[in-house]
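Enquirer: Chains as they are written, first to last, in our numbering: chain A, 16 to 336; chain B, 354 to 839; chain C, 64 to 165; chain D, 378 to 808.
Among the hints, erroneous ones may be present.
Below, in silico cross-link-like pairs of lysine-lysine (DSSO-like), each with a Cα-Cα straight-line distance of 27 Å or less [to be verified]:
| id | chain 1 | residue 1 | chain 2 | residue 2 |
| --- | --- | --- | --- | --- |
| 1 | B | K779 | D | K690 |
| 2 | D | K526 | D | K598 |
| 3 | B | K779 | D | K598 |
No lab work stands behind these hints: they were computed from the structure.
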Amino acid sequence: MEALALLQDVFDILLGFGLLWLAWLALFSLDLFRSIVSFISFGLLMAIIWVRLDAPDVALAEAAIGAGLTGALFLAAFAKLQPASVNGKGSSINPQKQSSRKQLLRWLPALIMLWIASGLTIAILALPPHATGLTSEVTSNLTASGVSNPVTAVLLNFRGYDTLLEIVVLLLALLAVWSIGSSVPSIESEPGPVLDTLSRLLVPILIMVSAYLLWVGAHAPGGAFQAGAVLGAAGVLLVLSGWKLYPGLEGFPLRLVLTAGSITFVVIAILTMLVSGTFMQFPPAQASILILILEMVATLSIGVTLAALFIGSPPTDIKKL
Amino acid sequence: MGITFIDFPWAIALILLPLTGGLSCFLWPSVSKILGLVTVIGVMLSATGLGWLVIDKGVYHYLVGGWGAPLGIELYVDGLSLLMLMVTALVALGVSIYSIHYFELSYQRRFWPLWLFLLTALNALFLSADIFNLYVTLELMGLAAVALATLTGSHDAFTAAMRYLLATLLGSLAFLFGVVLLYHSFGSLDIAVLSERFESNITAWAAFGLISAGLVLKTALFPMHFWLPPAHANAPAPVSAVLSALVVKASFYILLRLWLEIFSQLDTDVDILFGFLGSIAIIWGSLQALRQTRIKLLVAYSTVAQVGYLFLAFPLAEKVGVTAWSAAVYLILSHALAKSAMFLAAGNLLRFGGHDRIADLDRVAQRLPITVAAFALAGVSIMGLPPSGGFISKWLLLQSALVQSQWGLVGVMLIGGVLAAAYIFKVLGRAFTQAPLPHEPGVVPATMEWAALLLAGGAILLGFFASEILAIIEIGSPFGAGEVKL
Amino acid sequence: MNTVFLYALVGIGLFCLGLFALIVQAHLLRKILAINIMGSGVFLILVALARRTEGGIPDPVPHAMVITGIVVAVSATALALVMILKVTESSGQPEFPDEESK
Amino acid sequence: MSNEIYNIFLGFVVAWPLLLTIPALHTRLPWPCFWAIFPAAVLMILPGEAFVAPSWFLFGTGLGVNSEARWILAMTVIVWSMTVAVVKFSSEQTYNFRTPFFFLTLAGNLGAVLATDLVVFVCASTLMGYSFYGLLLQRRNESSYQAGKIYLIFLIIADLTLFDALLLAAFETDDLRFESVRQAMTSTADTSITYLWLVLIGFGLKAGVWPFHLWLIETFKYSSWPARLLLGSVPVAVGLLGIVRWAPLGGATYYIPGLIYQGLGIVALLYIIIRAFSRIQITEIPAWTIVAVTGLCNVALGVGLAYPSLWHKYQYLVYPLIALTGVFTMFLSYGLSRTKDESISSTHRSSLNMFKAWSENWAGLMQQRKQNIKTRFVLLWGTVVLKFKFLHCFQKWGIAPGVLEQQLQYWPNAITLFLILVIVVALSVFL
């Protein structure tokens, strides 16, 4: 047993250092593309660490959103950035320009950073080794929440208000992106035969996975955000393989789907207020069905929003207005 | 059911109304103007309803989802948050009326949903009693503010907004780090529960350092103000007004709330540091304002200076508690109204002359008397001249400084007053001289002029209701026992 | 319990590394990467410390908080990336104008 | 008339001109300027004393009228009606944007006259002072703009000084009515000297008392008719009234300040006599007269400060005197305007020349000498400047804040400072 514990410790240390090394690569590697690839690997390693820390829900979210979608966003931005900066005055990254002042500007922050790191280390090591947090409260109220997965219970019931605001944040980001409206056209490459076949094969599978994650979220790791992210990934894949939304759907229907998650949330919240007298108080008997409805609509909205964030430019219908 | 009028959940309405308003504006962009205006009027009514409720029945608690702390999220309204909500509603109304004619059609559909989400974030922030929920609202507010700041679409605006975005993200992250440390030390996210369980230890001070620094960065206290002047000066006028009047104050509100409820139990000298930085901010911001050649930058730097006054309350509250804090709250209110009026007036001048160079502002007074009057009235409040809200707040601050014989701070406040007078008359003086118009002036709709005057008049009126407002501040005694004497 | 503090310390390392990069790297894309890595650091600390429970079941509230945080982070990143494109379009450089001349 | 109605009417006297400021109101009313003064005129002839303290008003203080204030009120009404009659503000067909300033100034003036405590007085006189600025600039040319600028600078400094005085008074006593402030200031010697000087300087600046008369002369020279006629009653008389009301007169003995003030008054009078014979233009005469009168008032005040018993004996004279000053200077300005319009009669002019010829022998000598000293001084200063390159120093000082601000906006510097703040905040808790 002891050998196993030691092995686990070594594994943890390796994972930790690997994570730091990848972060270093992502931040300080000379080649920007390598940086982004390192960042994606960083996200995947992070997902493994979440599993090690008994947080499978977070691991799923990290793998799908943190590594997958954020990475895709960075790659797309990188691709769009290349022509933009070449057309301009050219890249200014010039290692020869480093003056002594700039050297100082590197050392001073490094020193301060060491100071802060040591301060934070002391602060964290001073924490008591055992603390229950809110575990007992969550467990004792779990039956009334309508789901048996504690994380889903916290997300959609105990702290559902946070989640409502969070969905609004996501929608807001999309609104902001559309408002800024990049004039750089999105990448329009002919999908090769591999990508084409892959997308034909993968998209249905991804949708299936998404539905499974959604369903399983009630009692096991999974839930709206993870499912939505997988759905978003399917959308990204479709976009990459040249698929376009039917023009008739680009206007109000698209906007309706995007806002459906928030709207359902608000509607259910108001309904519960009318029934039980308190905002977002789900009656225990109906809680599970309400949460399921909420998650289904939210998944759809989150998936479409994430895919739209990846595309970046607003649909033509919005541009016209 | 039997919900009487007074028992109506006004607090929930304050969150849900702008949220649904924003969603509907996004869904039906062609009628966003009307939807937006209806929403803002609804928010105003809800704020009034909540005010009635709180004044009548005292502190208001609401358990979202019926769970209550520590498991769920609570909403909490006392005098302090009530006043913040009310001033938010008032400024929102003014800015919305102004925006009807300010934006072109294609910008209307971008502006309204973003603006209503920003309003949602502000209301949710002032209502929240949960530190993680505060983080989410901070992020919602920050992203909406940045998106709004880019609406002019100029190069400067994008660069400034980028800087603003990075600063606000960094500030939120520092805040979140502090929240993490607090949660793992004391096992709760609710402010009241934290306040009970709080004890001074090494983790607590690290959390305090991170949270204060993050919020100070977001509040743009000198020398953390680097992002504020360009971002506020390059945004569209109504957006600048909201950013200066409300968004900066929101992070200060959180700092104030956490300081009062939780961190007051720490034995610290940070108040002296805040007072020191605040003093420098007053002088520095005023001097910079005086140096500017464009009105909007001048007004933005004036915000840097006024933020400095807010932080003077920290060292002063050591001994005279309630008076100094009330002064800070009063300053938040009057500055919110005056500064938004000023930015709106600056927007009018910009629209009229096609530029906002102070040196070429001649002959505006004759053409835009209402705008210039709004600017002047707002200026009276910013300078702290009687009778205005700014006067009452600076009076209370000076009084608390005098009682403690803090002569340095008294001096800083007086110099700040002189400098404020100087930079405001730098603009106003120009408006009275005669010069031929170089080109055809732009058309400034009457609503835009009156919206500015409405807000400026509010800043002046605040000076007449000192006792009532000070009584509201006392509800729930967020600042401890005591009485403010005028 | 060692695992808990080991990962918490890695989190601090990520936070500080990201902060350092945020200061010294001029390229805006790297600044955004840095913000993301800082965020990951904070999340790591949050979740690692949630495992200090005695029963072995980690505290679920931090997990939910991190999921919320990840969604917020991706939203901010998407907005930031579009803005970088805009800044680059108008100035020709994915950097703040005052940093290129230095 | 019942007390309540009287009180409401008192508030109405001040509020009415404020209301009339709204363009929609005064453009529709025939003779709006006369109507604005009308309630004040009625109040002037209404018998009885009244005091109103509406609780909602600033700090719960209020307005009042008694026999003393009635003198000043009478002066105000006379001067304003005369001005209106002479200038006929709203007779023009086109909308005159100065008219609102007229109403604002009037409201401020009435408020200051009827004030019974420091706060109302400050509020009203501030309103009056700043709106008078609008009246001053009626001519809208560069020189009047310059004159207005000087006026503004003096006004701002004066307001700040008075604000300090107000603060000091509030520090000493809760009740800010004139009487109680006077008593409080008399009983506590600590702050009362500071308070006295703040009041004297603040109102001295406002009233253009020598040596603060610069703005008065400039403004008079370049301003337009209404402003000229009102100059004696609006800033000057209200300033004098302020000194009389605020200063702790008749209580403790302030021998030294009293002496200084008497000296100042006498020097002022001498200075004006010398100036009068050297190079005063005829159009400036009313302004100089005002300065002379305020000089006389200085002497009187000095006496009052040094000998409280004398003050008690003659204080009933003060209010009529102030009222007379205002009315007299207005008539003087008006009269001079007539003579100037019809060209000054030859005899008048020759006698003036005679005075001038007589004075130049003496005053001209002084002038030359002064010039001489001035040149030498300039030369000396120039060498100093050249030697130490002070000039460059000053130039750099002008640029420094800009450079520093740029450095602050430089991202690495900004965030490094942020980190230092994190550390300092955390440490200051720890230590």
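Enquirer: All hints, please: hold or fail.
Expert: Taking the hints in turn, this is what the structure says about them:
| no. | hint | in the structure |
| --- | --- | --- |
| 1 | B/K779 / D/K690 | 48 Å, violated |
| 2 | D/K526 / D/K598 | 14 Å, holds |
| 3 | B/K779 / D/K598 | 23 Å, holds |
When the structure is compared with the earlier hints, a violation turns up for hint 1 alone.
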